[in-house]
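Two chains, two frames, a set of hints: combine them into the complex.
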Amino acid sequence: MSVTAFLTDSTLCIGCKACEVACKEWNGISQDGLDWSGFSYDNTEAVGASTWRHVKFVEEAPLPGFGGNAAEHNSWSFSSDVCKHCEQAGCLEACPTGSIVRTEFGGVFIQPDVCNGCGYCVTACPFGVVERNQKDGRAFKCTFCYDRQKVGLQPACAKACPTESIKFGEIEDLRREAQSRVDELHRRGMNDATIYEPLNTSVEGTHAFFIVRGDPRAYNLPPAPEVPTTYLKKSWRSSAIAAGLLLGGTLVAFLSDGNRSDGRGR
Amino acid sequence: MSDLLRLRDMEADDPRREQRLDEIRREAERRGKLQVVSTRPAGAPFPQASTDTGYYGIPLLKQPPWTWEIPLYFFAGGAAGAAAVIGAIADYTGADRELVQHARWIAAAGSVISPALLIADLGRPERFLAMLRVFKPQSPMSVGVWTLLGFSSVAAAAAFAGFLTDRYGPSLPVKVLENAGQAASLLFGLPFSNYTGVLIGATAIPVWNHNAGDLPLHFAASGLGAAVGILELMGHRKSRALQALGLGAAIFETWEGLRIEGRSHNHLDPLKHGPSGLITRTGGVLSGPLPVLLRVASLFGGERRSSNLRRWASWSSIVGSLITRFAWVHAGHVSARDWRLPLKDHPSAHQQSQENVRAVPNRS
Chain X
664 MSVTAFLTDS TLCIGCKACE VACKEWNGIS QDGLDWSGFS YDNTEAVGAS TWRHVKFVEE
724 APLPGFGGNA AEHNSWSFSS DVCKHCEQAG CLEACPTGSI VRTEFGGVFI QPDVCNGCGY
784 CVTACPFGVV ERNQKDGRAF KCTFCYDRQK VGLQPACAKA CPTESIKFGE IEDLRREAQS
844 RVDELHRRGM NDATIYEPLN TSVEGTHAFF IVRGDPRAYN LPPAPEVPTT YLKKSWRSSA
904 IAAGLLLGGT LVAFLSDGNR SDGRGR
Chain D
165 MSDLLRLRDM EADDPRREQR LDEIRREAER RGKLQVVSTR PAGAPFPQAS TDTGYYGIPL
225 LKQPPWTWEI PLYFFAGGAA GAAAVIGAIA DYTGADRELV QHARWIAAAG SVISPALLIA
285 DLGRPERFLA MLRVFKPQSP MSVGVWTLLG FSSVAAAAAF AGFLTDRYGP SLPVKVLENA
345 GQAASLLFGL PFSNYTGVLI GATAIPVWNH NAGDLPLHFA ASGLGAAVGI LELMGHRKSR
405 ALQALGLGAA IFETWEGLRI EGRSHNHLDP LKHGPSGLIT RTGGVLSGPL PVLLRVASLF
465 GGERRSSNLR RWASWSSIVG SLITRFAWVH AGHVSARDWR LPLKDHPSAH QQSQENVRAV
525 PNRS
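Here the protein sequences line up with chains X and D, keeping their order.
Counting from 664, one number per residue, gives the positions in the first sequence under my numbering.
Counting from 165, one number per residue, gives the positions in the second sequence under my numbering.
Because the hints were derived from the structure by calculation, they are not lab data.
Some hints could be false.
Below, in silico cross-link-like pairs of lysine-lysine (PhoX-like), each with a Cα-Cα straight-line distance of 25 Å or less [as the list claims (entries may be wrong)]:
hint	chain 1	residue 1	chain 2	residue 2
1	D	339	X	897
2	X	897	D	300
3	D	508	D	436
4	X	813	X	687
Bound-form chain D, shown alone (with noise of 0.2 Å):
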């Protein structure tokens, strides 16, 4: 043991780590050769490598090392990135000032819990602030944990100033603070909601960077369902702009279901089948169909009737935009599973192999 602490402590060009690496080329020369031809016994069935199976059906590629965190920031990141931009325009709009100081909270409580998650999935969560040493705008994470950085000190600031100005009174360098709070965390909000899908398309994952154009806008539109859901079960179901988003949300999401069940790809099968495709679907379905026939529903009849209707419609978006967000995150991982994608052809692929072929000419 002290001796391979010795060894370790040594430095790279020290000979007898050299030597140690001569003798393990010696003993190969010696001994390494394989001298049974296979270890199939003739006749007997044994996964073979080939062209149709990749290396005995190995996977390809790796998982995504993300746990439950992940998938709930992507939930708390987009409600509240969305709440944010909800409570900015509406406080232009000279929307009722509770309204306001609601989805502000929102966002406030998700810039505390986003973080938190984010740090938790870490593999050395102390070196979180590893992260600050640099931008790089061509990595979404690093744009992303800036995004989040900057949400965070700014809509906690928001809807802080906002509730002293409400307990003691208007002050000026409260008020100051509070518009320019709001200000920053529309700007930040907006990316906020939904640039998770862009973390997620940009990547070798074949189901996540097929639906690279999609995710963003899959995303932001999951995020304002959950948002407008929260602030109703807030109490403000009376809110007509509430339902407007809130519908137009879930039409989309209803839209998004429909392109991917339309679409018919190997890529895209981690969507519709399987386990993976199960939890995608219940997810869609809470998220887009349930909570538009819910909230047209709502449009008709008494107060009383509207308002339970769209306490269930709301509801159904959160739970359904919580579901969305786990569901891609555990089809990415089937996604990574299947050997064949990455093994697949494609048209470049082709042309490829054919330039490898003129390049070598053949002589026999």
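Next comes chain X alone, as it looks inside the complex (with noise of 0.2 Å):
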């Protein structure tokens, strides 16, 4: 029983969806998009209820020799996202009814047996990660295959990568493995290879970090995402006062009305 983490690594995938294939087959998702979105070759345009590994395929402004494209063509890079797994999770924090649970893998899972549907960890999620579906009620995201694992299996989508783009494994060897595979890409000259994994955040990291070519953000990868719980201090001290306030606003509204006992306005 280790702590387990998937590597998604940019610069190893095909685009060829497989991933979102495998993860459909196996958890029983129905399709949810066949139609071009209009951009590149995306159909689903992110993660949601029903689309729990999703291909980004990023095409950016011309420049000659990245990603080995000709000069003329823009350049095109592709990424899996799926659910980050977050180490502070916003939508296991917010929910009421204890439906999202951590799992001992490390993984975050709903419990849809318990989940009510109260959308309250939508609002929670800085990646925009569960959704509600609108059908059946409840909210959904990527289970990290806690099934699989529970048998000693890998995740769907990173069985049937055919390019190990999705690798998963134990955390700190797979974080190791990130950070020797981005020198190796330095060593080639890819000097704009990075992981992604926001550890210095209040989510103090993932169980699904990236590797990217260029800016993360050209990936929908926030920058700064926050889990939403460190605003709380905040909203309570200020519910605290508004209590204050409207018992002592009260107390002295009443206190101060001399004809407080006869003040019948019929």
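As structure tokens, then:
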């Protein structure tokens, strides 16, 4: 029983979407978008209730030599997105039913038999991953293939990835692997390769990190995701002040009203 | 179809399901590689992903899944909580009995409407009770549900006991119930009137969490304005205490409006621009400056004029409070759709990217 993670290396991704297909196949999720979105080869635009793996097709302005493309063509990279399984997970903290739990493998799992579809986790996710299925009413996201991990198998997406762009393993091993891979890419001249893992924000790291080239923002990876519990102190302080003012104000208003006992307005 | 169903029922380590994943992988190896180079013909205008546009400007955050029930719940809960506080304090300070009992009825009505609205908005309303499995102090939704539950049970009890006393005369058990119910609804009413501000403040939605410190105060004032308004419309337009409270709430709302307008930040745009800005400003004027003016004007002149002006001020505050709740939820939707906000650099982000670079020595 070890703590596991995904390392998604976009420099190895060929955009085949086998991870999307395998995920749907294994988890029995219905199809949700064979139409083109108009954004490169993207169908579904983002991860959501029925898309737990989502391949992004990042076409950027032509940059000679970037990604081995000819100078007149756009630079193009692919990256398979997934729930980040945050160390400090907004959805988990926000869930009022205790449906969302952390598994023994370190992942964040929504127990579908407990979720009552309040939707609060949707507003709490700084990565926009969790979504309520409008037909079903409950919230869904990547389960980190909890059922497969339970029996010692790797998640379906990692299993189906033909280039091993999606790696699955023990978290510290993968962090080391990510570092050596980026070092290697830098040696090969790809100086813009970086690891995306928000370690220095309140999220405190994730169980799904990424190697991307260029600015992670072009992949819709937020530079500073914050777990919403960081706003609690400020909010509850304001709430306590509000309660105090309401109580004090009402007391003063009634005590200073000399006619309060016969103030009938009719 | 039947095959599919059988597949679903199988165990996780069923070899046939495992083989299917291998098939997908083999197919991807054989045919999955994209051979064409980009979808864009040279020179054609086509959206590009970049640091400035994010991922084609596709929203990063998900919009809140809530529909009209939730802002209406914010309104009903805010007014009911404040009414419970007014009723209890009015009783403790010996104010007239009719005012006390009216305030209790408002609280009781809110205590019935609020859970109905909250449950109606659940994706699985029949599982409302799942929220009562746990109490999680770090989840405002959990704290709120328990507050609502407490408030609902005691507010109705206080109103009903008061009704029994008025109708059939005082009796000891009813008096005990009335007093206990009232004390408890004061206790629950205080957080209940403003916790919804915490609920939306502590989220990932930029326009909400950016106002996390303001929202509970703002919502409390909004709820108080509505509660006073409803009481005055029930006939209590001579109460100086209610006049003072209504004036206080409206002045606070005016200040809150000025505070929003006075600050300049991208996160606040949905409150100022576009349809959501218009709704926010309408709600702000109706709950702030307009009732202030009407109430100040009502201090001068005859009794009849005063009563009329206070009636208008009440309507303005009630409608303003209702619009304000819808405006904030709507602004949250607009804010979640704005892909620029979560991609914005801020100081800690800068530090992070620099550290990333430092961790990975540049060998070029």
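Hints not upheld, ascending by number:
1
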